[in-house]
Amino acid sequence: MTLDSTRPLFIRLLLLAFMVLVPPVGLLAHGALEEFAQGLVPEMDKKGETVGRDLTASIERAIGHGIPLTGLYGMDDFFSPVLSANPEIRYLSVTDHEGRVLFLNGAAREMLEPFYTVTDFEVESRRSHKSIIGDFIDLTQPLRGKVGVVGHLHVGIDQNYVRGRLLEIAVDIAVVTLVSLLVAVEILLFVVTFNVTGPMRVVGMVIDKTRRGDFSSACGAGADDEVGRFVHRFNAAIRYADDLFRRLEAYMDEVKSAHFDKSVVEQVGNIESRVRFLFRFSRSGKPEVINEHQATDIRLPLFLFVFAEEISRSFMPLYVRDLYAPIPGLSTEMVIALPIAVFMMFIAAVSPSAALAASRKGSRQVFLMGLFPATIGFFMSAVAYNVYDFIVWRAVTAIGYALVTMACQSYIAQVSHQQKRAQSLGVYVGAVLTASICGTGIGGVLAERMGYRATFIIAALLAVVAGLLIYRLMGSAQPRTEFQTPRKRQLLALLRNWRFSALVLFAAIPSKIALTGFFFFLVPLTLLQDVSTDLGDVARIMMLYPIAVVLLSPLAARLADQTGWKAGLVAIGGLIGGAGLLLPLYSSDLDTLTLAIVMLGVSHGLSASPQLAMIPDLCWTECRNMGQTNVLAFLRLAERVGSVIGPLLAAAFIPLYGYGGAIIALGVVVMSMSAVFALLSFAYGSGPHIEAELSE
Amino acid sequence: MRTRLRRLLAILCLLAASVAPAGAADAPARPFRIYMALWRGWEEAAQGFKDYFTNQNIPVELIIRDAGQDKGKLPEFVAEAKRLNVDLVFTWGTTVTEEMLGRFDDPDTDAHITSIPAVFAIVSQPLGGVVPSLTSSGRNITGTTYLVPTETQVNLIQSYRPIKRLGVVYNPLERNSRVAIDELTAIGEKSGTNGKSGFQVTSIAVEVEDGKPKPASIPGKVAELKKAGVDFLYIPPDTFLNVNRDILTGAALEMLLPTFAAGENPVLTSKALFGGVYRYYTVGQLTAYKAEQILIHKINPKDIPIDAPKRLSIILNMPVARQLGLYPPMKLLGLAEIVDPAEGKRK
Numbered sequence: 034m035t036l037d038s039t040r041p042l043f044i045r046l047l048l049l050a051f052m053v054l055v056p057p058v059g060l061l062a063h064g065a066l067e068e069f070a071q072g073l074v075p076e077m078d079k080k081g082e083t084v085g086r087d088l089t090a091s092i093e094r095a096i097g098h099g100i101p102l103t104g105l106y107g108m109d110d111f112f113s114p115v116l117s118a119n120p121e122i123r124y125l126s127v128t129d130h131e132g133r134v135l136f137l138n139g140a141a142r143e144m145l146e147p148f149y150t151v152t153d154f155e156v157e158s159r160r161s162h163k164s165i166i167g168d169f170i171d172l173t174q175p176l177r178g179k180v181g182v183v184g185h186l187h188v189g190i191d192q193n194y195v196r197g198r199l200l201e202i203a204v205d206i207a208v209v210t211l212v213s214l215l216v217a218v219e220i221l222l223f224v225v226t227f228n229v230t231g232p233m234r235v236v237g238m239v240i241d242k243t244r245r246g247d248f249s250s251a252c253g254a255g256a257d258d259e260v261g262r263f264v265h266r267f268n269a270a271i272r273y274a275d276d277l278f279r280r281l282e283a284y285m286d287e288v289k290s291a292h293f294d295k296s297v298v299e300q301v302g303n304i305e306s307r308v309r310f311l312f313r314f315s316r317s318g319k320p321e322v323i324n325e326h327q328a329t330d331i332r333l334p335l336f337l338f339v340f341a342e343e344i345s346r347s348f349m350p351l352y353v354r355d356l357y358a359p360i361p362g363l364s365t366e367m368v369i370a371l372p373i374a375v376f377m378m379f380i381a382a383v384s385p386s387a388a389l390a391a392s393r394k395g396s397r398q399v400f401l402m403g404l405f406p407a408t409i410g411f412f413m414s415a416v417a418y419n420v421y422d423f424i425v426w427r428a429v430t431a432i433g434y435a436l437v438t439m440a441c442q443s444y445i446a447q448v449s450h451q452q453k454r455a456q457s458l459g460v461y462v463g464a465v466l467t468a469s470i471c472g473t474g475i476g477g478v479l480a481e482r483m484g485y486r487a488t489f490i491i492a493a494l495l496a497v498v499a500g501l502l503i504y505r506l507m508g509s510a511q512p513r514t515e516f517q518t519p520r521k522r523q524l525l526a527l528l529r530n531w532r533f534s535a536l537v538l539f540a541a542i543p544s545k546i547a548l549t550g551f552f553f554f555l556v557p558l559t560l561l562q563d564v565s566t567d568l569g570d571v572a573r574i575m576m577l578y579p580i581a582v583v584l585l586s587p588l589a590a591r592l593a594d595q596t597g598w599k600a601g602l603v604a605i606g607g608l609i610g611g612a613g614l615l616l617p618l619y620s621s622d623l624d625t626l627t628l629a630i631v632m633l634g635v636s637h638g639l640s641a642s643p644q645l646a647m648i649p650d651l652c653w654t655e656c657r658n659m660g661q662t663n664v665l666a667f668l669r670l671a672e673r674v675g676s677v678i679g680p681l682l683a684a685a686f687i688p689l690y691g692y693g694g695a696i697i698a699l700g701v702v703v704m705s706m707s708a709v710f711a712l713l714s715f716a717y718g719s720g721p722h723i724e725a726e727l728s729e
Numbered sequence: 004m005r006t007r008l009r010r011l012l013a014i015l016c017l018l019a020a021s022v023a024p025a026g027a028a029d030a031p032a033r034p035f036r037i038y039m040a041l042w043r044g045w046e047e048a049a050q051g052f053k054d055y056f057t058n059q060n061i062p063v064e065l066i067i068r069d070a071g072q073d074k075g076k077l078p079e080f081v082a083e084a085k086r087l088n089v090d091l092v093f094t095w096g097t098t099v100t101e102e103m104l105g106r107f108d109d110p111d112t113d114a115h116i117t118s119i120p121a122v123f124a125i126v127s128q129p130l131g132g133v134v135p136s137l138t139s140s141g142r143n144i145t146g147t148t149y150l151v152p153t154e155t156q157v158n159l160i161q162s163y164r165p166i167k168r169l170g171v172v173y174n175p176l177e178r179n180s181r182v183a184i185d186e187l188t189a190i191g192e193k194s195g196t197n198g199k200s201g202f203q204v205t206s207i208a209v210e211v212e213d214g215k216p217k218p219a220s221i222p223g224k225v226a227e228l229k230k231a232g233v234d235f236l237y238i239p240p241d242t243f244l245n246v247n248r249d250i251l252t253g254a255a256l257e258m259l260l261p262t263f264a265a266g267e268n269p270v271l272t273s274k275a276l277f278g279g280v281y282r283y284y285t286v287g288q289l290t291a292y293k294a295e296q297i298l299i300h301k302i303n304p305k306d307i308p309i310d311a312p313k314r315l316s317i318i319l320n321m322p323v324a325r326q327l328g329l330y331p332p333m334k335l336l337g338l339a340e341i342v343d344p345a346e347g348k349r350k
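Protein chains in written order, with the working numbering: chain A, 34 to 729; chain B, 4 to 350.
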């Protein structure tokens, strides 16, 4: 199963965009960073000097009151607020005139004293003296008493701070570049498929027909560009052939009806039937126009829409915390988890009817229908008063989200031929994942610079742009297929298939619990507990999840296809995810959490597509009875149970075990469920026997 | 010009001790007449009270009476204020206030001022004395407190140096000291249980002779405290100790015992090490603000809460610190007003 039919094109475009975009950005960034570094160093010197002057003035005032330098008291309390307010200042110290350290905050005495005792600061005692000790720049200012210089104040500036800041900016640029790259590729892909490969494919199909002598169809009108003109000329050629045929027909009719020689008439009749046998022309004299719909048509609007939703990914629980208002009977954590859970619940509740609506009314209309509540939801989320109305707006957004995503899925399912359906669904997954990378990354940067509320406005605007694209570019004439509506009883019968229920219960649900409980809810909250991480950092770390999924899923899909070892991949994926969540057992630092996020990405990358690919094997009869699409839809619906309980479960764990403990507790849940699945998967066996087993 | 004229007028009226002629030509409104009953003469709080009206451009006529620390004069003041039918009465100090306005549980209408609204200042413990609650007096008076909350004082002492034992010399005849000692003891015990280092309070009363505390007994008591191993001497807001502050702080300094004063005088004009206080001048201004609320904004005094100024003044006596060799922490040094004659000025 190839994930995405446009994947080769996607990768080629990515390479192209990479070559066009990255070198200049890299060059510019490099220059800018150098400039920045050059500007930052004197700026920091200046700041260190200012801080030093302030401290010097205070100390000199104390000395002026007759306090000996050694008698200064409470220096720790005096220095520490200065250190914590100025991250670039690593230490502050006071030495006497012989260079002995009297007071020191922020560094080890052994490191500085050898240096101080051998340096003669008196030479330059007029101004501040700058020297380099290891990684520090030591700014020295003299402390003057009534009798002259009695000692020195040292301000130690951390050179690593500059490096850290530069790295941070470089990473920021990289994130923005990556996102621009992906957005550029999405747009390129859209333009290329919509304007070039799409029409070309139609032309190809029509040529195929003409090769077989069928002149009954023409291509849909192209745009006014080279491709469009080509299509136009090609159609003209077909029409010319059609026209020739009509003329020939008329001539033959004339011969048949008016010729005196019967044998000639007979001959002409033979020729006519021969021609009619070899070639086919449209009856009406107007070739039927073929408009090929492709899955990729909807990719860009879908991408933009999911982008809009994912933009709040990195700060959703933080925003809710800001909007917090008590809800009787619920703990604070529960209230914060509630909007996420409600969002998932509404998606689950609306999706089935959204799918139905999409098949009845057509994808375009449902997509546009869904954009209304979604845009309103995004916009109102930006101006939410407190958590009460915010939950309502999230629910509204969820309704829109369900409608839009179902519309896209149904569109893709309708336009793709049965055998290529799985591939085409890859278009959907690809767009969602790329949007997830972009949205998460940019969302954090935007929220950090403009605030949460403004970022939601941008989400609303993106949704509007998606709507405009659909409105303008997608023809209102949409293919419609008869939708097979499964009865509830049929769906419930699915659960009687133990292989299917095991997959839902012990693989699909725990993976969603980990996603919403850990990734959506706990990760932003836990990451921001560390004062040194800001929103941009959170977003950058969270981007790693979709990146890991994107990198791994094609690999996993190919592996599953070639080896047929699908259950095994799902089991291993589940175990890796569970193990990741258990990592905080060993350490609670940032790197561990980052690793847990990457492992979750690996887990979902490994298991997501084999999970779907397993369905035809597991539910052979059910797929035949009610259609594979419906079985897959039911799996999606069932796994949403996990999406809803994930944040709630995590919120319930926080008061018991704290943030780190809640991750571990969630890990225990996910791990044990995955372990059960791993054990069960041994009993799954391979494909064919299932058919026999179920056809009793 | 106008204000100066008005102030001149007020002083004239004051000298005459009579009603100002209604024809204060430049004042469109009749100036408010305020009866100021003082305990030990004109000082900072009274000045702050007066300056507030000047600065706010509120025409007032001040009728100033000084009891000269003689309780016997107070009934006369009550009678005079009633006779003059003034707009407001200002009382200075615990004694004046309790005698003229009465305790909250003893509303004797004849002996006290009841119908005329009154504001009080420099009352150490108004709560449970003149008022039942600081949010409302429940009657026609309001006022200000001037003592820094004991907990804040303790924090100040602890920020100077952590203490294990706090010593207090007190006048057994004054209620204020007892109250302060009880509060200190409670805080010392409480902070011990809170995980912070607690401290003990050792208190010694001065000797009383003929119903009067004996100033000469003070140095001996300080020596006893020093022997008992106290790290810091606390000077409660006590008139007797305030009057004899030189003896008290001098003795403490001689024995190298650092002192913290709840009032400003022991630090400003004597040899206490440091103190955390609300300046009398600020307290006077705040009291005048409350008077303005009553006179101009017509707010019922019982609706005006009794509180202290927002800004705490830390006063540090630098020569004493030098003599003790016990230098203030840098942070405190940055916040404090420093008394240092060697610098030639008070900052």
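It is worth saying that the hints were derived from the structure and are not from the lab.
Any given hint could be a false lead.
Here are the computed lysine-lysine pairs in the DSSO-like style, where the Cα-Cα straight-line distance is at most 30 Å [what the hints assert, rightly or not]: (1) K274/B / K179/A; (2) K179/A / K334/B; (3) K80/A / K334/B.
Consistency of the hints with the structure:
no.: 1; hint: K274/B / K179/A; in the structure: holds, 25 Å
no.: 2; hint: K179/A / K334/B; in the structure: holds, 22 Å
no.: 3; hint: K80/A / K334/B; in the structure: holds, 21 Å
This entry satisfies every hint, going by the numbered hints stated previously.
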